[in-house]
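J.: Since the structure of chain G is already known, use the hints to place chain L on it.
In the order they appear, the protein sequences are chains G and L. The opening position of the first sequence corresponds to residue 60 in the numbering used here, with each subsequent residue numbered one higher. The opening position of the second sequence corresponds to residue 60 in the numbering used here, with each subsequent residue numbered one higher.
Hints are computed from structural coordinates only; laboratory data are not their basis. Being a predicted model, the structure only gives us computed values, none of them experimental. Any given hint might turn out to be false.
[Stated by the list, open to error] Far from chain G, by Cβ distances over 12 Å, these chain L residues were calculated:
| no. | residue |
| --- | --- |
| 1 | E73 |
| 2 | G109 |
| 3 | S242 |
| 4 | I297 |
| 5 | D304 |
| 6 | I426 |
[What the hints assert, rightly or not] The list that follows gives simulated cross-link-like pairs (lysine-lysine, DSS-like), each with its CA atoms no further than 30 Å apart:
| no. | chain 1 | residue 1 | chain 2 | residue 2 |
| --- | --- | --- | --- | --- |
| 7 | G | K410 | L | K265 |
| 8 | L | K259 | G | K337 |
| 9 | G | K293 | L | K328 |
| 10 | G | K410 | L | K340 |
| 11 | L | K155 | G | K410 |
| 12 | L | K293 | G | K300 |
| 13 | L | K155 | G | K337 |
| 14 | L | K259 | G | K410 |
[As the list claims (entries may be wrong)] Here are the simulated distance ranges between beta carbons:
| no. | chain 1 | residue 1 | chain 2 | residue 2 | range |
| --- | --- | --- | --- | --- | --- |
| 15 | G | T414 | L | D412 | 45 to 51 Å |
| 16 | G | D294 | L | N387 | 38 to 44 Å |
| 17 | G | G365 | L | T392 | 24 to 30 Å |
| 18 | L | K61 | G | G365 | 41 to 47 Å |
| 19 | L | K340 | G | E308 | 38 to 44 Å |
| 20 | L | D335 | G | A320 | 49 to 55 Å |
| 21 | G | L151 | L | K300 | 51 to 57 Å |
| 22 | G | R395 | L | N387 | 32 to 38 Å |
| 23 | L | D305 | G | A320 | 53 to 59 Å |
| 24 | L | T392 | G | D157 | 45 to 51 Å |
In this text, a Cβ means the ideal position worked out from N, Cα and C, and glycines have one as well.
2 protein chains.
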Amino acid sequence: MKQYIEKNRERFLEELFSLLRIPSVSSLEEHRPDMKRCADRLVELLLEAGADTAEVYPTDGHPVVFAQKTVDPSLRTVLVYGHYDVQPVDPLELWKSDPFEPEIRDGAIYARGANDDKGQLFMHLKAFEYMVRETGLKHNVKFIFEGEEEIGSPSLAAWAREHRDLLKADIILVSDTTMISESVPSINCGMRGLSYVEVKVTGPDKDLHSGHYGGAVANPVNILCDMISSLIDKDGHITVKGFYDDVVELSDEDRAKLARAPFDLEEYKEFLGIRDVKGEKGYTTLERTGIRPCLDVNGIWGGYTGEGAKTVLPSEAHAKISMRLVPNQDSETITRLFMDHFRAIAPDCVKVDVTPCHGGNGFLIPISSDAYQAASKAMTDVYGIEPVPSRGGGSIPVLADLQRILGIDPLLMGFGLERDTIHSPNESYLLSQLFRGMEAIALFYRYY
Amino acid sequence: MKQYIEKNRERFLEELFSLLRIPSVSSLEEHRPDMKRCADRLVELLLEAGADTAEVYPTDGHPVVFAQKTVDPSLRTVLVYGHYDVQPVDPLELWKSDPFEPEIRDGAIYARGANDDKGQLFMHLKAFEYMVRETGLKHNVKFIFEGEEEIGSPSLAAWAREHRDLLKADIILVSDTTMISESVPSINCGMRGLSYVEVKVTGPDKDLHSGHYGGAVANPVNILCDMISSLIDKDGHITVKGFYDDVVELSDEDRAKLARAPFDLEEYKEFLGIRDVKGEKGYTTLERTGIRPCLDVNGIWGGYTGEGAKTVLPSEAHAKISMRLVPNQDSETITRLFMDHFRAIAPDCVKVDVTPCHGGNGFLIPISSDAYQAASKAMTDVYGIEPVPSRGGGSIPVLADLQRILGIDPLLMGFGLERDTIHSPNESYLLSQLFRGMEAIALFYRYY
Chain G
60 MKQYIEKNRE
70 RFLEELFSLL
80 RIPSVSSLEE
90 HRPDMKRCAD
100 RLVELLLEAG
110 ADTAEVYPTD
120 GHPVVFAQKT
130 VDPSLRTVLV
140 YGHYDVQPVD
150 PLELWKSDPF
160 EPEIRDGAIY
170 ARGANDDKGQ
180 LFMHLKAFEY
190 MVRETGLKHN
200 VKFIFEGEEE
210 IGSPSLAAWA
220 REHRDLLKAD
230 IILVSDTTMI
240 SESVPSINCG
250 MRGLSYVEVK
260 VTGPDKDLHS
270 GHYGGAVANP
280 VNILCDMISS
290 LIDKDGHITV
300 KGFYDDVVEL
310 SDEDRAKLAR
320 APFDLEEYKE
330 FLGIRDVKGE
340 KGYTTLERTG
350 IRPCLDVNGI
360 WGGYTGEGAK
370 TVLPSEAHAK
380 ISMRLVPNQD
390 SETITRLFMD
400 HFRAIAPDCV
410 KVDVTPCHGG
420 NGFLIPISSD
430 AYQAASKAMT
440 DVYGIEPVPS
450 RGGGSIPVLA
460 DLQRILGIDP
470 LLMGFGLERD
480 TIHSPNESYL
490 LSQLFRGMEA
500 IALFYRYY
Chain L
60 MKQYIEKNRE
70 RFLEELFSLL
80 RIPSVSSLEE
90 HRPDMKRCAD
100 RLVELLLEAG
110 ADTAEVYPTD
120 GHPVVFAQKT
130 VDPSLRTVLV
140 YGHYDVQPVD
150 PLELWKSDPF
160 EPEIRDGAIY
170 ARGANDDKGQ
180 LFMHLKAFEY
190 MVRETGLKHN
200 VKFIFEGEEE
210 IGSPSLAAWA
220 REHRDLLKAD
230 IILVSDTTMI
240 SESVPSINCG
250 MRGLSYVEVK
260 VTGPDKDLHS
270 GHYGGAVANP
280 VNILCDMISS
290 LIDKDGHITV
300 KGFYDDVVEL
310 SDEDRAKLAR
320 APFDLEEYKE
330 FLGIRDVKGE
340 KGYTTLERTG
350 IRPCLDVNGI
360 WGGYTGEGAK
370 TVLPSEAHAK
380 ISMRLVPNQD
390 SETITRLFMD
400 HFRAIAPDCV
410 KVDVTPCHGG
420 NGFLIPISSD
430 AYQAASKAMT
440 DVYGIEPVPS
450 RGGGSIPVLA
460 DLQRILGIDP
470 LLMGFGLERD
480 TIHSPNESYL
490 LSQLFRGMEA
500 IALFYRYY
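Pulled out of the complex, with its shape left as it was, chain G reads as follows (with noise of 0.2 Å):
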């Protein structure tokens, strides 16, 4: 597919760009007109590459893409799913260039979305098309693109279970997630789960002059404060209750296999401008954020934030604090634990909210199957290096979802890299893995 993408190129790049342009940001209201626009774009691009029959499915949230191309029913059915929504941009003063206009600099394309996940979906297409174009198509092939991935994906498990006969396949191919390095492909054999809620913690029912009240009533900041630092101990533990409860402890043995993955401390640590990492005591960082859960406040905000320093005791104080489950965790059961926790911990001086936001449970795939040595095949081929199975912090609950509605495991081919820094100002993909991962993607075809 090498001398396809040469000759393509440019054509390629432009499509791209037309996907990146579009704001399809599907946490803020406001884009709503721009998620429709994001999936009539797609439609077009899927007929293009030679999809029967591309359409684009209206939810209560944003809509869902779904093509196909059925070959002959007896080949094997490959579903890939994808998503086309994005993460918010902000603080947009960071980003060196315009986030919906994307740029190459220094071999990679930077906009929001680059690589999450409209550019490793776009791989899938461009492969698509090449099969269909070039060497002929031996699988039957269905798309599924969801607008709500960044959001929790409120609408895809009730569609998938409308339509579970539409999207009956053998495996559910992914291009969402990292490889360790350039030089160290892997493949993603598992995720995290996630559990993410938002608190808000009530003190004094108006905000009040910290001079005349500070000392003898509660400032909800501070108690917000002592309550997120309680739910961490210093051994790095969750001390909600019951939260470790169905955490599977690794054998000795798979703890030696994921400790093969190779992994230099002293550069991951200037990469992220850190002088020292923290984690959980007992665990590797590779454990800490594959086999382990853990818990982040994803944001922080009461009293005056402004310029200047006003003295007030503020009335709220809220934070949107989010757990990574590791699998065998359930993802319900974690929030309701952790919302009981937490309204068990607050004092009688504030008064305590928490409200679910979105999560889904983790999910492991075996090595031993078919589309999983297929994969590791494609791999070797392009990077001429066996992938390493690896084991994904990030969270894509709707692959538990489906892969419970539908029956079918999902694979991770992942193309993205660290350096990309998706959800950060600058997001990047790199154009040479843009490329090998639309080659790596048409050999899985090959060999699976």
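T.: Coordinates of chain L only, in the frame set by chain G:
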């Protein structure tokens, strides 16, 4: 003076409203022209009220207004201090009427500055006018109104040192505080000092995907919460090293005197909408705000605070933290102790910056002084009850500076009430307090 008020009531209100309509928010750069407008308007009002001279003095910050009327150099001289700057108005959506378009509802003026301090300084203008026009002034009177009280009076101390001769007086008279209640008048004989800092905790040098890094990389919001939580122990003591070194413990006798002030804990809790108070172990609520120092977070922010659920491990977390100090604690010393402590408790996995914002020392005035006694008699005449000597929880750091620079005690005859919710949305000032304040001030001059 009652009759004079009745006769001039409408004009008085119109004059006060003309001040309240000017959005003189000292902390926001955009309001710089409003500061000058407000100073100019005060000069007009001072001259109309009978001052010999009134002038706007530029400073490095917002201008100082100084006015005087000399009757006879051998008479006592009263220096009236006030401030014409106000706090920011956010959260604006909680205001029931425009903060800069005063409105009278249920016998109170609603506007930013209605009490703090435009309403209260205005009482001095009108008591002065009354004496000049109706009874003959038996004192020399000077007025100093600054525009930087809400941002820590960065310019006034230097200005006062330069104009020490101009400011010569026997007493500094100030209305910028509250009394216990309408039925329990009180005079502030001490105020707390202030140390206000802004802190920044930096983890990774960019925002990260919380799935990929969560559990292995220190989250600066979680760390900031840990650090803030550690600043106060479970007994409500501040843990900053050396913090209590200069705090004078009150004698049991002094504590008993303070305890005579009527105080209904249930009413207090109901007014604030809280189920319980919280503070330093071993002290009452009035002691906690009057004679004990405290530490409050005035604002906190970090990570994603918008709509929806962004799974980010943020690069930075910020907080504004202030400490109220009791007399004998030195603001600069405490700020230094805090900075040293906060840096010392920062774990290696983050970087911490602490910036001092503003501060000032607390002070005390003797109850036996002529001025206190005159104020006490004046308030007894107006309210029919002898006022309680109280200790204010708030801070007017500049008064401690003026006391030191000029060698004159400040006397705090404040007519605000808790219900006025200064610094908060819907700041108000009761008309009854506005007019009784004028009377009491005029009577003060009679007894002093």
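J.: Now, for every hint given, state plainly whether the structure supports it.
T.: Hint-by-hint comparison with the structure:
1. E73: holds (28 Å)
2. G109: holds (33 Å)
3. S242: holds (19 Å)
4. I297: violated (10 Å)
5. D304: Fine: 18 Å to the nearest Cβ keeps D304 of chain L off the interface.
6. I426: holds (21 Å)
7. G:K410 to L:K265: violated (34 Å)
8. L:K259 to G:K337: holds (19 Å)
9. G:K293 to L:K328: Violated. K293 of chain G to K328 of chain L sits at ~35 Å, over the 30 Å cutoff.
10. G:K410 to L:K340: holds (22 Å)
11. L:K155 to G:K410: Given pair K155 of chain L, K410 of chain G holds - Cα atoms ~24 Å apart, limit 30 Å.
12. L:K293 to G:K300: holds (22 Å)
13. L:K155 to G:K337: With a Cα-Cα distance of about 47 Å, the restraint between K155 of chain L and K337 of chain G is violated, given a limit of 30 Å.
14. L:K259 to G:K410: holds (28 Å)
15. G:T414 to L:D412: 45 to 51 Å: violated (33 Å)
16. G:D294 to L:N387: 38 to 44 Å: holds (41 Å)
17. G:G365 to L:T392: 24 to 30 Å: With Cβ atoms ~28 Å apart, the hint holds.
18. L:K61 to G:G365: 41 to 47 Å: Roughly 43 Å apart at Cβ, these two residues keep to the hinted range, so it holds.
19. L:K340 to G:E308: 38 to 44 Å: At roughly 42 Å between Cβ atoms, E308 of chain G and K340 of chain L fall inside 38 to 44 Å, so the hint holds.
20. L:D335 to G:A320: 49 to 55 Å: Holds: the Cβ-Cβ distance is about 52 Å, inside 49 to 55 Å.
21. G:L151 to L:K300: 51 to 57 Å: Check failed, 41 Å falls outside 51 to 57 Å.
22. G:R395 to L:N387: 32 to 38 Å: Violated, at about 51 Å.
23. L:D305 to G:A320: 53 to 59 Å: This hint holds: roughly 56 Å between Cβ atoms.
24. L:T392 to G:D157: 45 to 51 Å: Holds, since T392 of chain L and D157 of chain G (Cβ atoms, about 49 Å apart) stay within the stated range.
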